[in-house]
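Chains X and D, in that order, are what the protein sequence lines are.
Numbering-wise, the numbering used here puts 389 at position 389 of the first sequence, and it's gapless, one number per residue.
Numbering-wise, the numbering used here puts 25 at position 25 of the second sequence, and it's gapless, one number per residue.
Don't read these hints as lab results, they were simulated from the structure.
It is possible that part of the hints are untrue.
[What the hints assert, rightly or not] Examples of chain X residues lying across from chain D (beta carbon under 8 Å, computed): (1) Ile39; (2) Leu42; (3) Pro64; (4) Leu135; (5) Phe160; (6) Leu161; (7) Phe402; (8) Val471.
[As the list claims (entries may be wrong)] Partner residues are not named here, just some residues of chain D that face chain X (Cβ under 7 Å, in silico): (9) Ile139; (10) Tyr142; (11) Trp287; (12) Thr391; (13) Gly463.
Here the structure is a predicted model, which means the values were calculated and not measured.
Idealized CB from N, CA, C, for every residue including glycine.
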Amino acid sequence: MIIFLPLVAGLALAALPRLGDRTARWTWVAVTAVDLALIIGLWLRYETPPPGGLAFEEQVPWIPGVNSSYHLGVDGLSLPLIAMTGVIFLACAVYALRNRRRPRAQAALFLFLHSVSLGLFLAADLILFFVFFDLSIVGMYFVIAGWGHGNPGRSAMKFFLYTFLGSLALLVGFIGLYVAAEPHTFDMPALAAATPLAGRPLAGGLVLAAILVGLAVKTPTVPFHTWLPPAHTDAPSVGSAVLAGVLLKMGTYGFVRIAMPMLPQAWRAWAWVIVVVGVVSVLYGALVALAQTNVKRMIAYTSVNHMGYIVLAVGVAGLVAGDTAAARSIAVTGAVYQMVSHGLITAALFLLTGVLRDRAGSYEMREYGGLAAPAPRFAAVFAVGAFASLGLPAFTGFIAEFQIFTGSVAAAPVTAVAILGILVTAALFLRALQGLLAGDTRGRAVGFTDLRPAEVWSVGPLLLLSLLFGVLPRPLLDVIEPASATVIDLVGR
Amino acid sequence: MQTDMMRPLLLLPEMLLVVGALTALLGGSFVPRHRQWIIRVLTAVVLVAVVGTAAVGLAGPTRTAFDDSFTVDTATGAARIIAAVGTLLVLVLAADEIAGAARESEICALLLFGTAGTVLLAGADDLLVLAVGFLLATIPLYGLIGIVSTAAGAEAAVKTYLLGALLGILLLLGVTVLSGLTGSTGYADLTARLADAPPGAVTAAAVALVAGLVFKAGGVPGHFWVPDAAQGANATAATFLTTVPKIGALVAIYRLVGVLPDTVPWPVLVATVAVASMTWGNLAAYWQSDPRRLLGWSTVSQVGFLLVPVVVAGRSDLALPSLLLYLAGYTVTNIAAFAVTAALPDRRDLADYRGLAAQAPWLAAALVVALLGLVGTPPTVVFIGKLTTATAAWDGGHGWLAVVVFANTLISLFYYLRWIVPTYRRPEPGGHPAERSSAVGRWASRTAVTAAAVSLALGLAGGMVWTAVSGP
């Protein structure tokens with residue numbers, strides 16, 4: 001129901017050609033709002049399932065010949081991400097109320113993406129997961145190619161080819177799991193319980209490698225991140241918000257949902273590699289972001305940096321040794337927290353860069369200056385977003401990164417190197433704030449119109465939620481903690 | 001006893017096809033030019049009847065007819081239905097092109113003959129039936145390709161004819177060698193006796209037979225005619241010959257390798273053909289600028305994918321169902337893609353497709369579904385076919401083949417995107433020349449949308465299709 005409401009609405013919008021643009025935009029907002037209400041209802045009725053189980057399960061056979069079924073369910077890993085998805089899509093719908101470029105088609109496409117994203121986080125079957133994974137790529141391709149600017153065709157093509165390569169690698173890994181499991185199945189809980197390939201390190205390593213490549217392209221981590229900056233720069237701002245906020249999480253979610261529980265032995269064997277990739281992503285992402293002059297590109301690279309923290313945390317979770325289970329569990333909790341946090345904050349920042357382009361047609365930092373005078377609301381909101389993103393206490397980013405480092409450093413002290421990443425991020429955001437907002441009003445900042453209501457009402461709630469769960473993390477942690485403890489148990493087998 | 005062994009009624013769908021073809025051919029001479037649509041309706045009725053009778057046969061148990069020379073089992077039943085539905089779609093698509101044309105009834109007859117040949121190939125359980133099916137499926141193609149009297153059409157027809165004659169003779173040579181070695185042509189006898197035959201001779205004969213059938217399927221090395229024919233022939237013929245004959249040829253290869261003893265390294269042989277076909281087809285499709293030629297090469301690569309389950313025939317339970325499922329999916333999806341080119345006869349270059357989405361949104365959507373379907377994007381049916389095919393390959397001990405399948409899928413994505421990208425571009429200001437004369441074939445675009453929708457629906461209902469092709 002939650003999954004298909006947006007899809008049905010999207011198809012209806014696509015099929016009714018005479019619908020006015022205004023109606024289309026408001027229908028989009030209404031549908032996403034109703035869907036978010038449904039998700040909140042789901043959350044209120046949610047009770048932590050037993051370890052390895054799922055709440056609100058639904059299962060219908062789909063392709064019985066290969067034991068694939070339409071199997072859905074939520075647990076502590078997916079529920080926060082589902083809620084975050086609902087919030088981000090609603091924010092995008094509100095933001096896009098001002099869009100004038102083919103709003104009907106855009107609404108239909110985003111509702112399709114909305115369904116696909118929710119479906120992915122709910123899926124409890126590998127093939128179902130893959131179907132949604134692939135459809136998200138197709139949907140985003142059309143978003144970038146259809147509503148992008150700059151050189152959208154090329155960026156969209158690069159995005160499609162890269163992530164499609166990743167999805168195919170993922171599929172190869174899934175088939176490997178299927179063939180190794182006895183009886184053959186694509187069902188996630190069954191595979192997690194069976195841990196196929198347990199006694200075969202080589203085959204397990206190869207299958208894990210295929211799955212890791214698939215997820216790493218999507219996440220993206222160094223060295224598979226090169227599709228990200230052009231895709232973000234040329235995508236429309238709502239597209240960037242969804243891409244960074246929701247689609248990148250599909251990769252990291254795959255780590256905790258698929259790779260870790262199903263291939264624990266291989267994961268432990270390769271944990272150091274994953275930790276190193278995570279640390280490199282953190283540092284590289286931060287340093288390259290520091291070198292950017294284009295605001296949007298800079299935020300895109302900070303995504304690589306933030307995703308690096310998550311990869312680091314899940315890598316650390318595989319470093320099974322003695323009494324570090326509690327620390328590793330904290331790291332995984334921090335990773336899931338970071339997924340939600342990064343989703344909210346980065347979506348907000350991308351929407352704000354959309355305002356820059358909308359008003360003055362440029363993302364170049366040096367062309368602006370002193371925006372605080374003509375646009376005080378924009379300046380305030382952007383500053384809040386930047387501070388949230390660099391991990392200031394009282395925002396979700398702080399809680400997430402604090403947990404990640406507490407867990408990681410306790411389990412593997414070397415990982416403290418990655419803390420430098422936070423330092424660099426802080427520097428680059430402060431520099432951006434200074435360049436854009438402070439000083440004399442000059443360049444394109446002259447005559448800059450301040451945020452309009454639709455923009456305030458889309459960006460504001462995202463940052464407010466980040467603040468809310470930064471101050472009161474308990475409700476969210478109560479949901480995540482049991483699930484991350486389960487993941488640690490599964491990896492420790 | 002004699003009649004019991006013959007069981008002619010089991011071949012009712014084939015008989016319907018042949019009788020229908022003869023009626024169309026003769027009837028066409030007696031029906032006035034402006035009433036030729038009667039023949040087309042008759043052809044359609046015959047095809048619907050074939051689907052019906054084949055469905056009845058599919059529900060029944062496996063039986064053989066004419067002294068075990070023709071098998072009616074799940075594979076035959078599925079091939080009959082797929083081929084008849086495919087031909088029916090081609091016939092609807094053809095309405096724009098052949099209505100009132102001079103050769104309307106002849107085209108109908110040739111389509112029916114070709115379909116009959118393909119289902120004979122699919123059910124053949126005897127080398128002689130195989131040879132007859134091959135000829136019956138091939139000869140109508142020469143006519144269909146050459147029926148347009150253009151230079152390109154004539155060239156394509158000659159090319160097809162020469163290659164067909166050469167590889168047809170090879171096929172007959174293979175038949176001769178095998179029957180000489182064993183003194184029989186029935187598959188049951190061959191299975192029993194070939195194990196003791198000299199492996200070298202059996203291998204040579206197997207190569208010859210597979211070469212002939214690969215020509216029919218349009219795979220490497222018998223593929224040279226495919227792109228020329230897809231480009232040079234009219235849309236009806238191009239759609240038909242890149243789709244329907246493959247069904248029979250691939251099922252026939254599947255049955256044939258089941259006969260071969262383990263002394264013959266046929267899995268390596270078929271795997272080589274499969275890999276060569278998908279890779280060569282993909283690489284050659286890369287820089288084609290004519291969409292029909294691009295599709296022609298893409299069908300060559302699809303044959304490679306379709307041969308993958310044949311490699312693991314007998315070693316994985318998934319092999320036959322995944323082959324049939326892939327065939328069904330390929331047929332509707334490929335027809336959808338060709339139908340789009342048929343609907344837009346003025347656009348003969350990928351660049352001409354610019355702005356199509358704004359001009360004909362449904363047709364553009366059908367094109368995207370068809371092309372992404374051919375790539376194997378979920379939830380279209382080809383995705384399930386590719387998935388089960390790769391799974392079958394891995395399950396049968398050829399994990400590397402699954403990896404090759406996906407590597408090739410990635411390669412193929414690029415050229416399909418070359419076609420999708422302009423479709424969703426904004427139209428050029430002032431309009432493209434092809435746009436001003438925007439003739440859109442009504443029937444062809446309906447076929448495109450229908451076939452694309454079927455491709456999606458079959459994908460979503462993948463479980464039901466799988467059950468149907470898995471047999472009792």
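The hints, checked one at a time:
Among the interface hints, the one on Ile39/X is violated; its C-beta lies about 24 Å from the nearest C-beta in chain D, farther than the 8 Å criterion. Using the Cβ-Cβ criterion of 8 Å, the hint placing Leu42/X at the interface with chain D is not satisfied: the shortest such distance is roughly 24 Å. For the restraint placing Pro64/X at the interface with chain D, the shortest Cβ-Cβ distance is roughly 5 Å, inside the 8 Å limit, so the hint holds. Taken as an interface hint, Leu135/X checks out: its beta carbon lies about 7 Å from the nearest beta carbon of chain D, inside 8 Å.
With its C-beta approaching chain D no nearer than about 7 Å, Phe160/X sits inside the 8 Å limit, and its interface hint holds. The beta carbon of Leu161/X is positioned within 8 Å of a beta carbon in chain D (closest approach about 7 Å), and the interface hint is therefore held. Look at Phe402/X: its Cβ only gets to about 39 Å from chain D, farther than 8 Å, so that hint breaks. Hint status for Val471/X: violated, given a least beta-carbon distance of 42 Å to chain D, over 8 Å.
Taken as an interface hint, Ile139/D does not check out: its beta carbon lies about 37 Å from the nearest beta carbon of chain X, beyond 7 Å. For Tyr142/D, the interface hint is violated, since its Cβ never comes within 7 Å of a Cβ in chain X; the closest pair sits about 39 Å apart. Annotation: Trp287/D was flagged as interfacial toward chain X, and the flag is violated, the nearest CB pair being 15 Å apart, outside 7 Å. For Thr391/D, the suggested interface contact is upheld, since its CB lies about 5 Å from the closest CB of chain X, less than 7 Å.
The beta carbon of Gly463/D comes within 5 Å of a beta carbon in chain X, closer than 7 Å, and the hint placing it at the interface holds.
The structure is inconsistent with the numbered hints 1, 2, 7, 8, 9, 10 and 11, although it conforms to all the rest.
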